[in-house]
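Number of protein chains: 2
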Amino acid sequence: MKLVLCSASPRRKELLEMLGKDFSVRVASIDESFDKSEAVDKEIRKIALKKACAVEMNEDEIILSFDTVVVDGNQIMGKPKDRDEAIKMLRSYSNGNHGVITGICVRTKDKCYTDSVYTTVYFRELTQREIEYYVDTYRPFDKAGAYGIQELAGSFVKGIDGDFYNVVGLPLCRLCEILRDEFSIDLF
Amino acid sequence: MKLVLCSASPRRKELLEMLGKDFSVRVASIDESFDKSEAVDKEIRKIALKKACAVEMNEDEIILSFDTVVVDGNQIMGKPKDRDEAIKMLRSYSNGNHGVITGICVRTKDKCYTDSVYTTVYFRELTQREIEYYVDTYRPFDKAGAYGIQELAGSFVKGIDGDFYNVVGLPLCRLCEILRDEFSIDLF
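From first to last, the protein sequence lines are chains A and B.
Heads up: the first sequence at position 155 corresponds to 155 in my numbering, and the numbers run straight through without jumps.
Heads up: the second sequence at position 179 corresponds to 1179 in my numbering, and the numbers run straight through without jumps.
No wet-lab data here; the hints were simulated from the structure.
Some hints could be false.
With a straight-line Cα cutoff of 27 Å, these simulated BS3-like cross-link-like pairs (lysine-lysine) come out [what the hints assert, rightly or not]: (1) B:K1021 - A:K88; (2) B:K1081 - A:K158; (3) B:K1002 - B:K1079; (4) A:K158 - A:K50; (5) B:K1088 - B:K1109; (6) B:K1088 - B:K1050; (7) B:K1036 - B:K1021; (8) B:K1021 - B:K1081; (9) A:K158 - B:K1042; (10) A:K36 - A:K46; (11) A:K21 - A:K111; (12) B:K1050 - B:K1002; (13) B:K1036 - A:K46; (14) A:K158 - B:K1046; (15) A:K21 - B:K1111; (16) A:K158 - B:K1002; (17) A:K88 - A:K2; (18) A:K13 - B:K1158; (19) B:K1046 - B:K1036; (20) B:K1042 - B:K1081; (21) A:K158 - B:K1088; (22) A:K158 - B:K1050; (23) A:K2 - A:K158; (24) B:K1013 - A:K13; (25) A:K158 - B:K1013; (26) A:K42 - B:K1158; (27) A:K111 - B:K1158; (28) A:K111 - A:K46; (29) B:K1109 - A:K21; (30) B:K1088 - B:K1036; (31) B:K1021 - B:K1088; (32) B:K1158 - A:K50; (33) A:K158 - A:K88; (34) B:K1036 - A:K21; (35) A:K79 - A:K2; (36) A:K50 - A:K13; (37) B:K1013 - B:K1081; (38) B:K1158 - A:K2; (39) A:K21 - A:K109.
Keep in mind it's a predicted model, so treat the numbers as computed, not measured.
One chain only, chain A, in its complex shape (with noise of 0.2 Å):
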């Protein structure tokens, strides 16, 4: 069986190669938009199988996708669209926690499974010099929630409670259970 990542995100990338598994890269542009009068974790689990039925797929292939978005309280925190709103994320989080979550699909030829999971990270007290700086410098445009983990914004985090790589875009441990529990996959 041949492993397939539905996604162009290098993030995705770096940890899916983690797992030391040969997998091909392909990605097929989807609407991703969020409908927020339905529950996060079904609406995101939505998204994954839409990206993951959005690619031709052989026979022999497993299809993984994945997508992730920040909630704060009530507020689904997509990629900001600007400085100014990328500061408002941040302020908001600090000293204070918030959730992120990851819907998955994997699909074989015959069978679909979908999940989704949660972390919930808590943030230090943030300086307004310390946003402006990581924003200025990291750019995090492309980023849900407007931060990335694992590089400067990652200490900006107290802790976390749940699983760290959920929070960079790919739960592998939830990934890998899945493929041996639901797909009889053993990777190693």
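Take the given structure of chain A and dock chain B to it, following the hints.
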């Protein structure tokens, strides 16, 4: 002020680089043996302090030192001495949780501050094959506790409670807080 990292660990060097500040590395070898009759958090701070005091320092330098151990029940897990011990350690983590504790010491010419940071790590159930594959492929003999969460073994981790970077060996967030609150040093 110039940062000096007292550690030969390439992982700690990479983590400190995340802050984007220049620093030098200076290491003195000390006796790192652990007094198991003492409380772990006290003992780990003592070792960090010992490391920080063993290097020469200039007046304008800030010495940063760390020591990390894994605690599983009442057992202190250091670096495994061979394949069998590494396998035994990983088997003991499977489908359970253990702690990772890092001692920190920050030292300037007129002040020395020590602290410790604790993170709980939850492993999924591992098969004997996975454990052996990991040990034989990654040879984690230089790692306290016999695994690195930043490589394949990251997929063994269901979740953590606390700072991820503490598990890697350098609690970045706490370090920034100590520099700011105890030494009035804002890095940004």
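Verification of the hints:
no.: 1; hint: B:K1021 - A:K88; in the structure: holds (25 Å)
no.: 2; hint: B:K1081 - A:K158; in the structure: violated (33 Å)
no.: 3; hint: B:K1002 - B:K1079; in the structure: violated (31 Å)
no.: 4; hint: A:K158 - A:K50; in the structure: violated (34 Å)
no.: 5; hint: B:K1088 - B:K1109; in the structure: violated (44 Å)
no.: 6; hint: B:K1088 - B:K1050; in the structure: violated (30 Å)
no.: 7; hint: B:K1036 - B:K1021; in the structure: violated (36 Å)
no.: 8; hint: B:K1021 - B:K1081; in the structure: violated (35 Å)
no.: 9; hint: A:K158 - B:K1042; in the structure: holds (21 Å)
no.: 10; hint: A:K36 - A:K46; in the structure: holds (13 Å)
no.: 11; hint: A:K21 - A:K111; in the structure: holds (21 Å)
no.: 12; hint: B:K1050 - B:K1002; in the structure: holds (20 Å)
no.: 13; hint: B:K1036 - A:K46; in the structure: violated (52 Å)
no.: 14; hint: A:K158 - B:K1046; in the structure: holds (23 Å)
no.: 15; hint: A:K21 - B:K1111; in the structure: violated (49 Å)
no.: 16; hint: A:K158 - B:K1002; in the structure: holds (24 Å)
no.: 17; hint: A:K88 - A:K2; in the structure: violated (42 Å)
no.: 18; hint: A:K13 - B:K1158; in the structure: holds (20 Å)
no.: 19; hint: B:K1046 - B:K1036; in the structure: holds (13 Å)
no.: 20; hint: B:K1042 - B:K1081; in the structure: holds (25 Å)
no.: 21; hint: A:K158 - B:K1088; in the structure: violated (31 Å)
no.: 22; hint: A:K158 - B:K1050; in the structure: holds (26 Å)
no.: 23; hint: A:K2 - A:K158; in the structure: violated (38 Å)
no.: 24; hint: B:K1013 - A:K13; in the structure: holds (23 Å)
no.: 25; hint: A:K158 - B:K1013; in the structure: holds (20 Å)
no.: 26; hint: A:K42 - B:K1158; in the structure: holds (21 Å)
no.: 27; hint: A:K111 - B:K1158; in the structure: holds (24 Å)
no.: 28; hint: A:K111 - A:K46; in the structure: holds (16 Å)
no.: 29; hint: B:K1109 - A:K21; in the structure: violated (50 Å)
no.: 30; hint: B:K1088 - B:K1036; in the structure: holds (20 Å)
no.: 31; hint: B:K1021 - B:K1088; in the structure: violated (39 Å)
no.: 32; hint: B:K1158 - A:K50; in the structure: holds (26 Å)
no.: 33; hint: A:K158 - A:K88; in the structure: holds (20 Å)
no.: 34; hint: B:K1036 - A:K21; in the structure: violated (40 Å)
no.: 35; hint: A:K79 - A:K2; in the structure: violated (31 Å)
no.: 36; hint: A:K50 - A:K13; in the structure: holds (19 Å)
no.: 37; hint: B:K1013 - B:K1081; in the structure: holds (24 Å)
no.: 38; hint: B:K1158 - A:K2; in the structure: holds (24 Å)
no.: 39; hint: A:K21 - A:K109; in the structure: holds (20 Å)
Figure legend: structure checked against the earlier numbered hints; hints not met, in rising order: 2, 3, 4, 5, 6, 7, 8, 13, 15, 17, 21, 23, 29, 31, 34 and 35.
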